[in-house]
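> With chain A's structure known, arrange chain B on it following the hints.
The chain contents come next:
Number of protein chains: 2
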Amino acid sequence: MKVDSVDFFYLAMPKVTTAADGSQDALVVRVTAGGHQGWGECEASPLPSIAAFVTPMSHGACRPVSDSVLGETLDGPDDINRMAATIAYNSMDLLQAAHTWSGIEMALWDLLGRARGVPTYQLLGYAKAYPKVPYASVLFGTTPQQTLERARENRKAGFRAAKFGWAPFGESLPGDIAHLDAAREGIGADSILLIDAGQVFGEDVDAAAARLDAMERNRVTFFEEPFHGSAYEAYGNLSKRTRTVKTAGGEAAHNRHMAEHLIDFGGVGFIQIDCGRIGGLGPAKAVADYAVKRGVTYINHTFTSNLALSASLQPYAGLADHTICEYPTGLQQLARDLTRNHISPDGNGEIVLPDAPGLGIEINPDALTQYRVDVEIKVNGKTIFSTPSY
Amino acid sequence: MKVDSVDFFYLAMPKVTTAADGSQDALVVRVTAGGHQGWGECEASPLPSIAAFVTPMSHGACRPVSDSVLGETLDGPDDINRMAATIAYNSMDLLQAAHTWSGIEMALWDLLGRARGVPTYQLLGYAKAYPKVPYASVLFGTTPQQTLERARENRKAGFRAAKFGWAPFGESLPGDIAHLDAAREGIGADSILLIDAGQVFGEDVDAAAARLDAMERNRVTFFEEPFHGSAYEAYGNLSKRTRTVKTAGGEAAHNRHMAEHLIDFGGVGFIQIDCGRIGGLGPAKAVADYAVKRGVTYINHTFTSNLALSASLQPYAGLADHTICEYPTGLQQLARDLTRNHISPDGNGEIVLPDAPGLGIEINPDALTQYRVDVEIKVNGKTIFSTPSY
Numbered sequence: 004m005k006v007d008s009v010d011f012f013y014l015a016m017p018k019v020t021t022a023a024d025g026s027q028d029a030l031v032v033r034v035t036a037g038g039h040q041g042w043g044e045c046e047a048s049p050l051p052s053i054a055a056f057v058t059p060m061s062h063g064a065c066r067p068v069s070d071s072v073l074g075e076t077l078d079g080p081d082d083i084n085r086m087a088a089t090i091a092y093n094s095m096d097l098l099q100a101a102h103t104w105s106g107i108e109m110a111l112w113d114l115l116g117r118a119r120g121v122p123t124y125q126l127l128g129y130a131k132a133y134p135k136v137p138y139a140s141v142l143f144g145t146t147p148q149q150t151l152e153r154a155r156e157n158r159k160a161g162f163r164a165a166k167f168g169w170a171p172f173g174e175s176l177p178g179d180i181a182h183l184d185a186a187r188e189g190i191g192a193d194s195i196l197l198i199d200a201g202q203v204f205g206e207d208v209d210a211a212a213a214r215l216d217a218m219e220r221n222r223v224t225f226f227e228e229p230f231h232g233s234a235y236e237a238y239g240n241l242s243k244r245t246r247t248v249k250t251a252g253g254e255a256a257h258n259r260h261m262a263e264h265l266i267d268f269g270g271v272g273f274i275q276i277d278c279g280r281i282g283g284l285g286p287a288k289a290v291a292d293y294a295v296k297r298g299v300t301y302i303n304h305t306f307t308s309n310l311a312l313s314a315s316l317q318p319y320a321g322l323a324d325h326t327i328c329e330y331p332t333g334l335q336q337l338a339r340d341l342t343r344n345h346i347s348p349d350g351n352g353e354i355v356l357p358d359a360p361g362l363g364i365e366i367n368p369d370a371l372t373q374y375r376v377d378v379e380i381k382v383n384g385k386t387i388f389s390t391p392s393y
Numbered sequence: 004m005k006v007d008s009v010d011f012f013y014l015a016m017p018k019v020t021t022a023a024d025g026s027q028d029a030l031v032v033r034v035t036a037g038g039h040q041g042w043g044e045c046e047a048s049p050l051p052s053i054a055a056f057v058t059p060m061s062h063g064a065c066r067p068v069s070d071s072v073l074g075e076t077l078d079g080p081d082d083i084n085r086m087a088a089t090i091a092y093n094s095m096d097l098l099q100a101a102h103t104w105s106g107i108e109m110a111l112w113d114l115l116g117r118a119r120g121v122p123t124y125q126l127l128g129y130a131k132a133y134p135k136v137p138y139a140s141v142l143f144g145t146t147p148q149q150t151l152e153r154a155r156e157n158r159k160a161g162f163r164a165a166k167f168g169w170a171p172f173g174e175s176l177p178g179d180i181a182h183l184d185a186a187r188e189g190i191g192a193d194s195i196l197l198i199d200a201g202q203v204f205g206e207d208v209d210a211a212a213a214r215l216d217a218m219e220r221n222r223v224t225f226f227e228e229p230f231h232g233s234a235y236e237a238y239g240n241l242s243k244r245t246r247t248v249k250t251a252g253g254e255a256a257h258n259r260h261m262a263e264h265l266i267d268f269g270g271v272g273f274i275q276i277d278c279g280r281i282g283g284l285g286p287a288k289a290v291a292d293y294a295v296k297r298g299v300t301y302i303n304h305t306f307t308s309n310l311a312l313s314a315s316l317q318p319y320a321g322l323a324d325h326t327i328c329e330y331p332t333g334l335q336q337l338a339r340d341l342t343r344n345h346i347s348p349d350g351n352g353e354i355v356l357p358d359a360p361g362l363g364i365e366i367n368p369d370a371l372t373q374y375r376v377d378v379e380i381k382v383n384g385k386t387i388f389s390t391p392s393y
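First to last, the sequence lines map onto chains A and B.
If you read the first sequence in our numbering, its first letter stands for residue 4, the second for the next number, and so on.
If you read the second sequence in our numbering, its first letter stands for residue 4, the second for the next number, and so on.
Some clues are possibly wrong.
Only part of the chain B face toward chain A is listed, based on derived beta-carbon distances under 8 Å [unchecked claim]:
#1 Pro17
#2 Val19
#3 Pro51
#4 Met60
#5 Leu97
#6 His231
#7 Ala234
#8 Val376
#9 Val382
These aren't lab readings, by the way, just hints derived from the structure by calculation.
C-beta: ideal position from N, C-alpha, C; glycine also.
So that you can see chain A by itself, here it is in the shape it has in the complex (with noise of 0.2 Å):
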């Protein structure tokens, strides 16, 4: 089959705040192949991920994304990693591209699988879908108390493992240890703690290993994200400081070889993915490969809807011991009405994908009608992108 079309929606809550929540909006992607649609979701910033797909070529390593992708054959995987090796090189100078392609290749994954009639995962190679320990992902409170009310409310809700992360974390060593203490008593001295400091340290090694001794003391599994992104000299410097706890980092790679320098030269302890910026399920399988050979433990990174959740769980969903996962649970109604089912704990507690073809999601039409964003793009007076209706 050839690629017919691919449509973007972008949706958006009414009121959008700067907090640091990634389900506030969306960009949802459609994809059509021969009779058959396939759906997933970009992170992050839908307009310039939606310019990027329509953008004028700017030369021939400056091509717009969908140049690489309409028209093209779609018969199996092979295909969809041609077009992302396709993609990488004739828009190597086009920098949003990975994060348009990611939620395209996403999509292209679960119209294979539902022409197929299997799960996505058995296409990645997976005979099975392991069961998953989620941890909620939460944001700080603003007061210690505030942190341990969430983290009993957390608690209540069944959770067995816990991330809190961002502000006011990083603001002052004092504090950033009262929430830790508060974090653990919370949820209780059974229950799995993480900490994702939101890149608040930027390159300071020393302020990032000032808190080492209270996420020991409060035996945090990991400490995510210290630092930029891109600074992996840090990130290997504060891994080699720790004792207990483990560095963890990876969802901002826009590509697998970001994730396993960060293996490699930032010696993290767990790579965290998302599948909506790194390209796809393609890369993330690779690195999932990559890690498992190194000695580390992948998990996936979604902060938006249970379409990213699913996408995001695909790529290691065959690596028994790699048990837990992100499991977003602040999400915002878009997120959550966006999708006809959704993904919840099961009776043990823990996260099974769902048995079904493709990514085993249903788009609910309604909300991409409720939530549009409507965008015209006009380049010399001709309109090159308007919002697609359902």
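Chain B alone, transformed into the frame defined by chain A:
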């Protein structure tokens, strides 16, 4: 003073081809502050870069570039660095932001130099600008004979150094050897010969290494971009297999970390920085400082107008031992017409930066009209961007 406005002018040749020629379009940036103007140029893909400036916010760590620039204080270099740090944090999930910011940052340095009546390189900490030996950047011919002729023309034009690049290089080993021999023959025994593979070998170290004998026999000074810009491991492995030729790369770096990693992990002997991509002159100067410490040679990467050329030369203008510079010779008319004055080899065949305030380049307003590409972006019926009048 405060940043009062940032305007984007998207320009293009009437016909843009798939040639690997970055001068076929341009995104020119005008910044005004305190009654002064500054000009810069983003590299590449104008539409996504414009979109990254005006896009609605996705969340607190995915804000439009405009949020960190408009209305900001601009009284000295520290203010530019502060804006850069704000963007790195507040737009961390907006991939294209680095390219958008690059052109703005360039314009801010131009403006600051003009406001103070000093060349920008002085603001970067250099007392003087040393002349550089320009290498003409040309594409390989389709046949070795054509490469020979281009090399001879280059020699006749007075260049003491030439870089040949891109297709058909990499297509066959015997063909590549013939092109290498032809290039050396054409430029003469006493000229500097440089080769740019345009990432054609992906990550295939053996394929790239197979060209080393012919390169070393032809006294090639550097072997540029054999691999994907982020494939540090491949760079590192090839660098270990070279004897006299050195590897070169870095043009894809969109932050200084990437360039530093290519030095540390890729073992390049030459680090090539495009100020229109790395975030402007500030991070480029930081890479130049780093290169000096590591015994690596810094070179500009420039394939567009003389405005971009001046900007790209400033960060290493004061490094007397870093003597060669990229000097694009096959520029499209648009790139020539864009500036009123031009940077040309002097009587010694060397390039000297304009001894004038800022970047020392005057924009030709007629070119902004003649090559203008009109862009209009509407979101929910509201126009968030339309090409400004000059």
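> Now tell me if each hint is right for this structure.
Here is what the structure says about each hint:
no., hint, result
1, Pro17, "violated, 11 Å"
2, Val19, "holds, 5 Å"
3, Pro51, "holds, 4 Å"
4, Met60, "holds, 5 Å"
5, Leu97, "holds, 5 Å"
6, His231, "holds, 7 Å"
7, Ala234, "holds, 5 Å"
8, Val376, "holds, 6 Å"
9, Val382, "holds, 6 Å"
Checked against the numbered hints above, the structure violates only hint 1.
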